[in-house]
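On the provided structure of chain F, position chain X as indicated by the hints.
Here is how the chains run, residue by residue.
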Amino acid sequence: MKRFEEIPHTADWSFRAFGGDLCELFENAAHALFALEGAQARRPADETMRLVTVSAIDYPSLLVNWLTELLWLQESHHETYLRFRIERLSPTELCAEAFGAPLTRLDTPTARIKAVTYHNLTIEQTARGWEAVVVVDV
Amino acid sequence: MIAKQNFERISDYVWQVQQNFRGDMRAPARLYASEELLEDALQDESVTQLVNTATLPGIIKYAISMPDIHQGYGFPIGGVVATQAPDGVISPGGVGYDINCGVRLMASHLHAEQVAPKINDLATALYKNCPSGVGSEGSLPLNAKQLDDVLEQGSEWAARNGYARREDLQRTEEYGRMPGADAGAVSKRAKERGRDQLGTLGAGNHFIEVDHVVEVYDIALAERLGLFPEQIVVQIHCGSRGLGHQVCTDYVNDFQRAVREYKIELPDRELVCAPLNSPEGQAYFKAMAASANFAFSNRQILAHHIRRSFEEVLASIVKDFDLFQIYDIAHNMAKVEEHAVDDKRVKVCVHRKGATRAFGPGSAVLPDDLRAIGQPVLIPGSMGTASYVLIGTAKAMTETFGSTCHGAGRVMSRAKAKRQVRGDKLREELGARGIVVRAGSMPGLAEEAPQAYKDVSQVVQVVHRAGIGCRVARLEPLAVIKG
Chain F
1 MKRFEEIPHT ADWSFRAFGG DLCELFENAA HALFALEGAQ ARRPADETMR
51 LVTVSAIDYP SLLVNWLTEL LWLQESHHET YLRFRIERLS PTELCAEAFG
101 APLTRLDTPT ARIKAVTYHN LTIEQTARGW EAVVVVDV
Chain X
139 MIAKQNFERI SDYVWQVQQN FRGDMRAPAR LYASEELLED ALQDESVTQL
189 VNTATLPGII KYAISMPDIH QGYGFPIGGV VATQAPDGVI SPGGVGYDIN
239 CGVRLMASHL HAEQVAPKIN DLATALYKNC PSGVGSEGSL PLNAKQLDDV
289 LEQGSEWAAR NGYARREDLQ RTEEYGRMPG ADAGAVSKRA KERGRDQLGT
339 LGAGNHFIEV DHVVEVYDIA LAERLGLFPE QIVVQIHCGS RGLGHQVCTD
389 YVNDFQRAVR EYKIELPDRE LVCAPLNSPE GQAYFKAMAA SANFAFSNRQ
439 ILAHHIRRSF EEVLASIVKD FDLFQIYDIA HNMAKVEEHA VDDKRVKVCV
489 HRKGATRAFG PGSAVLPDDL RAIGQPVLIP GSMGTASYVL IGTAKAMTET
539 FGSTCHGAGR VMSRAKAKRQ VRGDKLREEL GARGIVVRAG SMPGLAEEAP
589 QAYKDVSQVV QVVHRAGIGC RVARLEPLAV IKG
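Protein chains in written order, with this note's numbering: chain F, 1 to 138; chain X, 139 to 621.
Next up, chain F with everything else stripped away, as it sits in the complex (with noise of 0.2 Å):
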């Protein structure tokens, strides 16, 4: 199953993500983040781990709880994250760990995301598993 996949739109960036179950869809949808931001994969040996915990009223703001925190992580470590493992993952709350590199100028984005929007933000259960579509501000 591919992780996710971009959608068109106009301004801004927007992806389809896909998981077997929901970690794996939560985990997918912080790949197409940084994917969408041009990441470049590291070497293990320069891997850090950051450990996050939001908490939300349903699974589709945890979803945007989640990604925003790891864009705070982006930012006030100059990191970016190439790896992800939820857990715990109930509708209200969320423990996982990123597993990142530092920020160099190979994966410097072109244009960094500003914030994880909730418009038109769905997850929704299909016959393949489990499919979130985020639009971001860039």
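FYI, nobody ran anything at the bench for these hints, they're computed from the structure.
Treat each hint with caution, since some may be false.
As the list claims (entries may be wrong) - Covered stretches of chain F (chain X as the covering partner; in silico rule of three or more C-beta atoms under 8 Å from a C-beta of chain X): (1) 9-20; (2) 58-67; (3) 72-84; (4) 114-120; (5) 124-138.
Glycine residues also receive a C-beta, built at the ideal position from the N, C-alpha and C atoms.
Just chain X, lined up with the frame of chain F:
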């Protein structure tokens, strides 16, 4: 999907979707456009987003979109919605993430031919002195107290600290200081993001441009503003950087609960809102005003660096290298204003998301020297094309809550632009046309290629002919600085 036949043509440049088009609309939805620009708008979700804004509780008259309308999130870019104050709603998504993104125009006393020999050096100095690009940090890191002062005082803070002249403040919307700002309503995280970003341009569609005045449409108005043919002028386009983005993120998130509490049903969660006079609405307004002050101050610090760059490069060849301010305007803001509705003066909360305030002659909020003619309106075009100076009109006051368009409006996604255009090729093409480019990222430059945007001249022609903005002058670029 909304089709052309769902619009009623009100006049040559005004199209309306009636309130009964959808059961959840609380007002009609109006689009200012030529037939061609209407058809452009129907190519993506822009018009659906416009109709969605007509569902906001307390909306007055109609939801409005300008001819530069394009698909955004929640509101379309180019959207204007006025709600009754104080019990109508305020929507953080109706302002957007880049709170008080806006444009400043400064003018010199120089002719283009005087600057031509030094235009390369000037572009280099501007690129060096004005921090730009993703994650750029300013030369002015602030401590906690200084940041709170910037948030509450805006350009007043800049003036007290030697970065602004009193005349600059006179020629800035809200005189560079939004009333009602409260640093206490801005989160710790937003402040952390803003602390080292004052005086930075950022990336994306933000820019500094050295232009020359290529056409004057109204000589008398141009003279009143201080503009003349072939004059060298400078535009700055940027906003509140990470601080504003975080404030919007915080409040869009908080308002997800508020809409449940106030039992507000909406077609899009990005439109979340709360009554302006509710605790949530007031907290957002105070934080938004503080972010707006950060943005006014940000453009002011950049203006200071630009003046320094002009001195650095031009002092050896000309006597007068000074830059004076024509105006500074916001195009992402919600403001409480007084407007005439059904022959009564009423207070309304006007959301302008990718739209510009365009107050006409006689407006009491304008400084003495502008009151007789109206407020200058600055419309930047896409990179390498034209930009316009307009003046607000009486018709804008009666039809659009004193609002007009804000730019060209995108028609092509960033991904498609990067597939179709190479940044280095584009820089060469612009160079061949005599436009010097300094940019930190070639893919970033490609995303902003002129073909990714509508023709700004068509957009401006619509607002001019519709009477919601009066053309004064046309500018074309000589040097472009991008992150």
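Going down the list of hints, with the structure as the test:
1. Counting residues of the segment 9-20 of chain F whose C-beta sits closer than 8 Å to any C-beta of chain X gives 5, which meets the bar of three, so the coverage hint holds.
2. Only when three residues or more bring their CB closer than 8 Å to a CB of chain X does the claim for the segment 58-67 of chain F stand; here the count is 4, and the claim holds.
3. Counting residues of the segment 72-84 of chain F whose CB falls under 8 Å from any CB of chain X gives 4; the rule of at least 3 is met.
4. Coverage of the segment 114-120 of chain F by chain X holds [criterion: at least 3 residues with CB-CB distance below 8 Å; count 7].
5. As drawn, the segment 124-138 of chain F meets chain X at 3 residues by the rule of a beta-carbon pair under 8 Å; at three or more, the given contact holds.
In the structure shown, no violation is registered for any of the earlier numbered hints.
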